[in-house]
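Chemist: As they're listed, the protein sequences go chains A and B.
First residue of the first sequence: 1, per the numbering used here; consecutive thereafter.
First residue of the second sequence: 224, per the numbering used here; consecutive thereafter.
These are computed hints drawn from the structure, not numbers from a lab.
Cβ atoms here follow ideal geometry from the backbone N, Cα and C, with glycine treated the same way.
Some clues are possibly wrong.
To be verified - Quick list of simulated restraints, FRET-style, between CB atoms:
hint: 1; chain 1: A; residue 1: Asp-205; chain 2: B; residue 2: Arg-239; range: 37 to 43 Å
hint: 2; chain 1: A; residue 1: Tyr-179; chain 2: B; residue 2: Glu-301; range: 51 to 57 Å
hint: 3; chain 1: B; residue 1: Arg-321; chain 2: A; residue 2: Thr-89; range: 44 to 50 Å
hint: 4; chain 1: A; residue 1: His-108; chain 2: B; residue 2: Asp-251; range: 47 to 53 Å
hint: 5; chain 1: B; residue 1: Gln-281; chain 2: A; residue 2: Ala-217; range: 29 to 35 Å
hint: 6; chain 1: A; residue 1: Glu-212; chain 2: B; residue 2: Arg-239; range: 24 to 30 Å
hint: 7; chain 1: A; residue 1: Ala-20; chain 2: B; residue 2: Leu-308; range: 54 to 60 Å
hint: 8; chain 1: B; residue 1: Tyr-303; chain 2: A; residue 2: Pro-6; range: 27 to 33 Å
hint: 9; chain 1: A; residue 1: Glu-110; chain 2: B; residue 2: Arg-239; range: 32 to 38 Å
hint: 10; chain 1: B; residue 1: Asp-264; chain 2: A; residue 2: Gly-145; range: 43 to 49 Å
hint: 11; chain 1: A; residue 1: His-17; chain 2: B; residue 2: Asp-264; range: 34 to 40 Å
Unchecked claim - Beyond 12 Å from chain A on every Cβ pair, some chain B residues (computed):
hint: 12; residue: Arg-239
hint: 13; residue: Glu-243
hint: 14; residue: Thr-250
hint: 15; residue: Ser-261
hint: 16; residue: Val-295
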Amino acid sequence: MKERIPIVEKILSANDHIAAQNKSALDSAGVLGLNFMASPGAGKTSLIEHTIKKLKDRLKLAVVDGDVATSIDADRAAAAGAQSVQINTGGECHLDAIMLQGALSELHLEEIDLLIVENVGNLICPASFKLGTHKSVLIASVPEGDDKPYKYPGMYRGVEALVINKIDLLPYVEFDMEYFRQGVEILNPGLVTFPLSCRTDEGLDAYLAWVETEMEAHRRVVQ
Amino acid sequence: MHELSITESILEIALRHAAEAEAEKITDIHLVIGKLSSIVDDSVQFYWDIVSDGTAAQGAVLHFRRVRIEIVCQACGESYHPEELDLSCPGCGSRDVRIVAGEEFRLEAIEVE
Chain A
1 MKERIPIVEK ILSANDHIAA QNKSALDSAG VLGLNFMASP GAGKTSLIEH
51 TIKKLKDRLK LAVVDGDVAT SIDADRAAAA GAQSVQINTG GECHLDAIML
101 QGALSELHLE EIDLLIVENV GNLICPASFK LGTHKSVLIA SVPEGDDKPY
151 KYPGMYRGVE ALVINKIDLL PYVEFDMEYF RQGVEILNPG LVTFPLSCRT
201 DEGLDAYLAW VETEMEAHRR VVQ
Chain B
224 MHELSITESI LEIALRHAAE AEAEKITDIH LVIGKLSSIV DDSVQFYWDI
274 VSDGTAAQGA VLHFRRVRIE IVCQACGESY HPEELDLSCP GCGSRDVRIV
324 AGEEFRLEAI EVE
């Protein structure tokens, strides 16, 4: 005989549970965790390199790099002067909380102020999996096109800050900044946005100031 | 496409609840998926046939209940169901809105024998 069993359980509840554990591990060590998400080639690793170089005298940084294969990105972060751990997802299109938990166990959290998690380059899947980081940052870039907020609403809705990278290319590509920003505003009103170029350093200071402000705010909360 | 890991989660939750109920076989799985969740039904079904093979849930029928988007405007209080991507209030144009439905992604029930 058939029997119906009501459940009402979130399908990603196991991931959410581990994410909460990651967050409390970061909090108890006073670490601010940022989740960097973007499409491949938007400049996540370049922005991380700049962040390390500009802030390493004031903050102790670590980077967790998620890629399908290779340790190229973790090597670049280490060369710039940060502790780094590479996660090879072996085909998975996103990082999840369990993968980050494994990487955190390889870091000395008590020696870190700021942890940047570089998610797998993808504008769909990373948006669905909480990691336990405090803020999510989306890095868009001008050559990708101005229609991306309209095409990937889930990603643009779920972040706390937006970087628009490669603005030095604006004279050379079709990119209507007004149309792009309108798409963002529909999905995520008032989203803090930093147009910048990792090549010319234009606009970097405002982004770096935001990182430091978030770091200070986080310290006040966890202390 | 992250439907594989999602399908594995669905299987884990279903098997756990079936075991608690001391059921031998899961015949039906009822999922609730909001329109804002980027889940492809066919893809979940494809992976389901593979991951459930050899388990108590093998051959179970997946039922997808899609939930439409419901929004309440925080400025004027209007409740509406946008079909388009633009979530702003059709009444007053405000973008200060709260999504009350459409982001669901849960297992609602299983049927067992």
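Chemist: Run every hint past the structure and note whether it holds.
Modeler: We went through each hint and held it up to the structure:
Against the hinted window of 37 to 43 Å, the Cβ-Cβ separation of A:Asp-205 and B:Arg-239 comes to about 51 Å, which falls outside the hint. In this structure the supplied range 51 to 57 Å is violated for A:Tyr-179 paired with B:Glu-301, their Cβ-Cβ distance being about 27 Å. Against the hinted window of 44 to 50 Å, the Cβ-Cβ separation of B:Arg-321 and A:Thr-89 comes to about 34 Å, which falls outside the hint. Restraint check, A:His-108 to B:Asp-251: a C-beta distance of roughly 49 Å satisfies the suggested window 47 to 53 Å.
About 51 Å separates the C-beta atoms of B:Gln-281 and A:Ala-217, a value inconsistent with the hinted range of 29 to 35 Å. Taken as a hint, the range 24 to 30 Å is violated for the pair A:Glu-212 and B:Arg-239, whose Cβ atoms sit roughly 45 Å apart. For A:Ala-20 and B:Leu-308, the hinted distance range of 54 to 60 Å is not satisfied, since their beta carbons lie about 31 Å from each other. At about 30 Å, the beta-carbon gap between B:Tyr-303 and A:Pro-6 stays in the expected band of 27 to 33 Å.
Here the CB-CB span from A:Glu-110 to B:Arg-239 is close to 36 Å, well matched to the stated 32 to 38 Å. With their beta carbons about 28 Å apart, B:Asp-264 and A:Gly-145 fall outside the hinted range of 43 to 49 Å. The beta-carbon spacing between A:His-17 and B:Asp-264, approximately 26 Å, falls outside the hinted interval of 34 to 40 Å. With a cut of 12 Å on Cβ distances, B:Arg-239 falls inside the contact zone with chain A, its closest approach being about 9 Å.
The claim that B:Glu-243 is not at the interface with chain A is violated, since a C-beta of that chain comes within 12 Å of its own (minimum 8 Å). Some Cβ of chain A comes within 12 Å of the Cβ of B:Thr-250; the nearest lies about 6 Å off, and the non-interface call is violated. Separation of B:Ser-261 from chain A is inadequate, the least Cβ-Cβ distance of about 5 Å not exceeding the 12 Å criterion. The beta carbon of B:Val-295 sits about 15 Å from the closest Cβ of chain A, which is more than 12 Å, so the claim that it is off the interface holds.
Violated hints for the displayed structure, listed by number in ascending order: 1, 2, 3, 5, 6, 7, 10, 11, 12, 13, 14, 15.
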